[in-house]
Amino acid sequence: MRTLRIAITVAAAVVLLVTASAQSLEVDLQRASQKETVTGDLKAAIEEYRKIAAQAGSNRKVAANALVHMAECYQKLGDAEARKIFERVVRDYADQKDAVAIARARLGLAGKGGQPAGIVARQVWTAPPGGDIYGAVSSDGRMIPYVNWTEFGDLFMHDLATNADRRLTNTASDGKVGVPGEYAEESSFSRDGKQLAYSWFKGKDRRYEIRIIDLQGTGVPQPRRLFDNEDISWISPDDWSPDGKWLAVQLHRKDRSAQIGLVGVEDGSLRVLKSVDWRGPTRLSFSSDGKYIAFDLPASESTEQRDVFLLAVDGSREIPVVTHPSHDALAGWSPDGKHLLFASDRGGSMGLWAIRFADGKVQGTPELVKPDAGRQNFMGLAAPGKLYSAQFHSGGPDIRVAGFDFAAGKFLSPPVSLIDTFVGSNQSPDWSPDGKYVAYVSLRGTTGSRYFVLGIRTVATGAVRELALSPGFSLLQSLRWAPDGRSLVVGGRDIKGRDGVFSVDAQTGQSTLLLPREGGDGPGFPAWAPDGKKLYFRGRVVVGEREEFAFFEWDPASGVRRELIRLPNLGFMFLSPDGRYIATATRAFDPSIKTSSVLLVPVAGGEPKELARVEQPQTVAVGGWAPDSRSLVFTKGSGRRPFTSQSEFWITSLDGQSRKLDVGFDGNFGPFRVHPDGRQIMFGVSGPRKPAEVWVLENFLTTLSAKK
Amino acid sequence: MLLLLAAAVTIPLGLDLYLPVPEDNPLTFEKIELGRRLFFERRLSRDGSVSCGSCHDPDRAFSDGRPVAVGVFGRRGSRNAPALVNRGYGRSFFWDGRVRTLEEQVLKPIQDPNEMDLTLQEAAARVNLSDDAIARALASYVRSILSGGSPFDRFVNGDRTALSVEQQAGLQLFRGKANCVACHVGPNFTEEKLHNTGIAWRDGRPADPGAGHGDFKTPTLREIARTAPYMHDGSLATLEEVIEYYDRGGNRSPGLDPEIRALHLSPTEKQSIIAFLRCLHGASH
Chain A
1 MRTLRIAITV AAAVVLLVTA SAQSLEVDLQ RASQKETVTG DLKAAIEEYR KIAAQAGSNR
61 KVAANALVHM AECYQKLGDA EARKIFERVV RDYADQKDAV AIARARLGLA GKGGQPAGIV
121 ARQVWTAPPG GDIYGAVSSD GRMIPYVNWT EFGDLFMHDL ATNADRRLTN TASDGKVGVP
181 GEYAEESSFS RDGKQLAYSW FKGKDRRYEI RIIDLQGTGV PQPRRLFDNE DISWISPDDW
241 SPDGKWLAVQ LHRKDRSAQI GLVGVEDGSL RVLKSVDWRG PTRLSFSSDG KYIAFDLPAS
301 ESTEQRDVFL LAVDGSREIP VVTHPSHDAL AGWSPDGKHL LFASDRGGSM GLWAIRFADG
361 KVQGTPELVK PDAGRQNFMG LAAPGKLYSA QFHSGGPDIR VAGFDFAAGK FLSPPVSLID
421 TFVGSNQSPD WSPDGKYVAY VSLRGTTGSR YFVLGIRTVA TGAVRELALS PGFSLLQSLR
481 WAPDGRSLVV GGRDIKGRDG VFSVDAQTGQ STLLLPREGG DGPGFPAWAP DGKKLYFRGR
541 VVVGEREEFA FFEWDPASGV RRELIRLPNL GFMFLSPDGR YIATATRAFD PSIKTSSVLL
601 VPVAGGEPKE LARVEQPQTV AVGGWAPDSR SLVFTKGSGR RPFTSQSEFW ITSLDGQSRK
661 LDVGFDGNFG PFRVHPDGRQ IMFGVSGPRK PAEVWVLENF LTTLSAKK
Chain B
1 MLLLLAAAVT IPLGLDLYLP VPEDNPLTFE KIELGRRLFF ERRLSRDGSV SCGSCHDPDR
61 AFSDGRPVAV GVFGRRGSRN APALVNRGYG RSFFWDGRVR TLEEQVLKPI QDPNEMDLTL
121 QEAAARVNLS DDAIARALAS YVRSILSGGS PFDRFVNGDR TALSVEQQAG LQLFRGKANC
181 VACHVGPNFT EEKLHNTGIA WRDGRPADPG AGHGDFKTPT LREIARTAPY MHDGSLATLE
241 EVIEYYDRGG NRSPGLDPEI RALHLSPTEK QSIIAFLRCL HGASH
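Line by line, the protein sequences are chains A and B. Note that the numbering used here has the first sequence beginning at 1, numbered continuously upward. Note that the numbering used here has the second sequence beginning at 1, numbered continuously upward.
Derived by calculation from the structure, the hints in this document are not laboratory data. In this text, all values refer to a predicted model and were calculated from it rather than measured experimentally. The beta-carbon is built from N, C-alpha and C at its ideal position, and this holds for glycine as well. Certain hints may be false.
[Stated by the list, open to error] Ranges of calculated distance between the beta carbons of each label pair, as one might list FRET restraints:
| no. | chain 1 | residue 1 | chain 2 | residue 2 | range |
| --- | --- | --- | --- | --- | --- |
| 1 | A | ARG225 | B | THR161 | 19 to 25 angstroms |
| 2 | A | ASN170 | B | ARG278 | 54 to 60 angstroms |
| 3 | A | THR323 | B | PHE29 | 54 to 60 angstroms |
| 4 | A | GLY337 | B | ALA133 | 35 to 41 angstroms |
| 5 | A | ARG225 | B | ARG278 | 31 to 37 angstroms |
| 6 | B | PRO254 | A | PRO320 | 35 to 41 angstroms |
| 7 | A | LYS361 | B | GLN271 | 34 to 40 angstroms |
| 8 | B | ALA133 | A | GLU87 | 54 to 60 angstroms |
[As the list claims (entries may be wrong)] For lysine-lysine, the following BS3-like pairs were computed, each having C-alpha atoms within a straight-line distance of at most 27 angstroms:
| no. | chain 1 | residue 1 | chain 2 | residue 2 |
| --- | --- | --- | --- | --- |
| 9 | B | LYS270 | A | LYS254 |
| 10 | A | LYS609 | A | LYS690 |
| 11 | B | LYS177 | A | LYS533 |
| 12 | B | LYS193 | A | LYS254 |
| 13 | A | LYS291 | A | LYS386 |
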């Protein structure tokens, strides 16, 4: 028995070592990928991949992936070594089908400019500034619906043939001060292109409804309210059935459950087909015969990786189409209804894949259509075989730290990047109360799979410890340390769909809901009082037809909340280090508001004090408090972006004596945090956000047919 | 197009139209009827004294009103007989979630010495069916036990008069301050996951480890007013006791689910939640 125990122990140790080794290689692959795709240091990435391939040993999957990546780096450098490595993958790693598929595709295109023969990817449109694309392209590939936020969230459609834009709604009000916002979001054309269904947010009721408009004729169409249910907070009309009688919808109920269903176009009746993970599908797509709906879902609560399924519209069966350890997100059906297209990272990078479906069954194995499809938001397919997608360029966030002298109002040292991993993904930094750690959140993932991790950097060593958040978050608005340095407080929405204030354990990443949303939006910008006994946050209050914002104090011991101030255009909340005041600025991007002010709100009660005021088109925003709580920095900028390289920096004392600072920042940045020693500031930066682009991929179905 | 589901069962309002059914055990009228007869068949117990229906009484929403189940020869189990409504939507079975399919689950009580105490061979011989046929038929019958169409279902589907003002207040609390939806979510009021609610802890250790460390599966709340007593051990006799238990934050214990904390509910709020829970009765099939 003892011998057996030893054998088991040794075997277990070997298993642990092998597992740890595999995990280490995966981490190495991620690091190398960072060098390849984020920093663009291809030569360094090649060396990393070379080492990984050499160390992979019996882990042939990792070895093949590393070689494919290495070859791709060589290809980007125009080096003929690429072909040799791709050939090696095909020759020596025949058991690694995904890697071989990519290598084969790459060999077919080597020296031909980066695309397999016949397949064309081209940009067809750039949305106007403020334009966001949530909808699906029309089935003839001609019309693109979009929401224009500079027009308060109204819906438009762009005609790719004539390059003309048509306004489809004219009652949106997002960003108008004092009224609950209304705006359009997801939309879908009927197959004949004559109607458009769209979701419409009603700020007063804090929920979405579905409206339909007839696109025949000219001018702004009169909408028909098709579906509205007080129990459903969000609903998206993703697709029309081929016969035009049903909309495939995904929805969120107020109990935070998510469902897939059908809404009758004639009577607005809802048939719930399936309740699903709250994160829901990325999209729904009717099969060409109208018998099935395709969708994707996260494989489990602990992962963002998705699989693809079909659901019979009569509820009789569900068919797993793509279940694979990789991340697989639905793109849509081919126009002939014979293939399901999906994005997958099974080949090491996000590629476009296809699988045949016929006679109610999946046929064969997935085929690679295009490697390196990138991060895309699919907008549907159009005849004769065009896949549309929207691409967004957000100028990814980063964290900067600089020495700063509050007395002199000058930098002691220029801003430098603080975190050198996952550059372009890190945001919301905060120093721990003892100044020894920096916590931040890092946005990860790819198409249909976005999630946050918590990073904690040890200031003395620069070492970064990453924690998976559990439950994870789909929205994470802010991050502040608790006074005891053992947890962080964040505002946001977790993957169970709960809005509110959460406490996150700084050792484990375990998140716990402290304060759920009660009406209005979830509590925002939460911060603990220095003694940790009270929590302060901003909340939205809707009274009748009016919408306002308020700062609240919440006592977790008694559950009592107290309103400190309420205004229609109250901005972000900044609690002073001594906990006595909240600084804020009133916002003024609505033309009807003539001034913007910096306000000082006493936490103990009393009238707020105006510290600075500007008139339109200028606006002010608070940057942060000085460490002694006796002055604060604010900016003077314009419009919705008060923190840009064009902004002026000012510092004001609590009696309103202010002076301009001789400092400047590059690009867009956010409010800052002050180190407890008072000599460093830290803030998030981001590049300018570019308008959304629409791209189309053509001729890929021909490639699939040729493979059959 | 829409109402062609399985045909063997009617899905009531509020439940998913898609009822998961294994490809190799499709629902048929015949199998459901056979399963119903087997469900009440006392020959499937050692002493012929109990059937599945003894602990899963249709008049009590397929529970039995006792703290713990009582089997052959008066033997007592250690856990409360759970209500069997809507188990067709389940993803794991038994209080500790140890079984993944209904076909597997339905045979376990037959073999449990404290319940029916037969080997599968003995059971098969007594009813002249294979154990596989018994499993398929019983699973089919259990899948057909559905509860929906409650006042709550009518309310959330647009009939704003279906709930009283007090029940509506209870629904608000259920989803908000009381945080019940942290676990009791979705059409079946359960996310089918395991949690340590502290109920199992006695004298600093779990009296019943459940799935480990006192973890037990979230039960449905459908028909909850008819399935007292409550919790996995039947230790709480009334809904009032359940609400009081959660209001005080449960029994402090290692591994207590972080969702369980003091709620500070007022007496009126507690009554509202109970009034809401009592509206979760519907058309049972």
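Checked hints:
1. About 21 angstroms separates the C-beta atoms of ARG225 of chain A and THR161 of chain B, a value consistent with the hinted range of 19 to 25 angstroms.
2. In this structure, ASN170 of chain A and ARG278 of chain B break the distance hint of 54 to 60 angstroms, their C-beta atoms being roughly 47 angstroms apart.
3. The hint said 54 to 60 angstroms for the Cβ distance between THR323 of chain A and PHE29 of chain B, and at roughly 32 angstroms that hint is violated.
4. Between GLY337 of chain A and ALA133 of chain B the CB atoms are about 39 angstroms apart, so this pair conforms to the stated range of 35 to 41 angstroms.
5. Checked against the given bound of 31 to 37 angstroms, the beta carbons of ARG225 of chain A and ARG278 of chain B, roughly 34 angstroms apart, stay inside it.
6. For the pair PRO254 of chain B and PRO320 of chain A, the supplied restraint of 35 to 41 angstroms holds, since their beta-carbon distance comes to about 38 angstroms.
7. For LYS361 of chain A and GLN271 of chain B, the Cβ-Cβ distance of about 54 angstroms falls outside the hinted range of 34 to 40 angstroms, so the restraint is violated.
8. Between ALA133 of chain B and GLU87 of chain A the beta carbon distance is about 57 angstroms. The supplied range of 54 to 60 angstroms therefore holds.
9. Proposed proximity of LYS270 of chain B and LYS254 of chain A is supported: the alpha carbons are some 20 angstroms apart, at most 27 angstroms.
10. Pair hint LYS609 of chain A plus LYS690 of chain A does not hold up; C-alpha atoms about 38 angstroms apart against a cutoff of 27 angstroms.
11. A distance of roughly 20 angstroms separates the Cα atoms of LYS177 of chain B and LYS533 of chain A; the hinted pair therefore holds under the 27 angstroms criterion.
12. For the hint pairing LYS193 of chain B with LYS254 of chain A, the CA-to-CA distance comes to about 20 angstroms; that is within 27 angstroms, so the pair holds.
13. At most 27 angstroms may separate the alpha-carbon atoms for a hinted pair to count; LYS291 of chain A and LYS386 of chain A meet this at roughly 23 angstroms.
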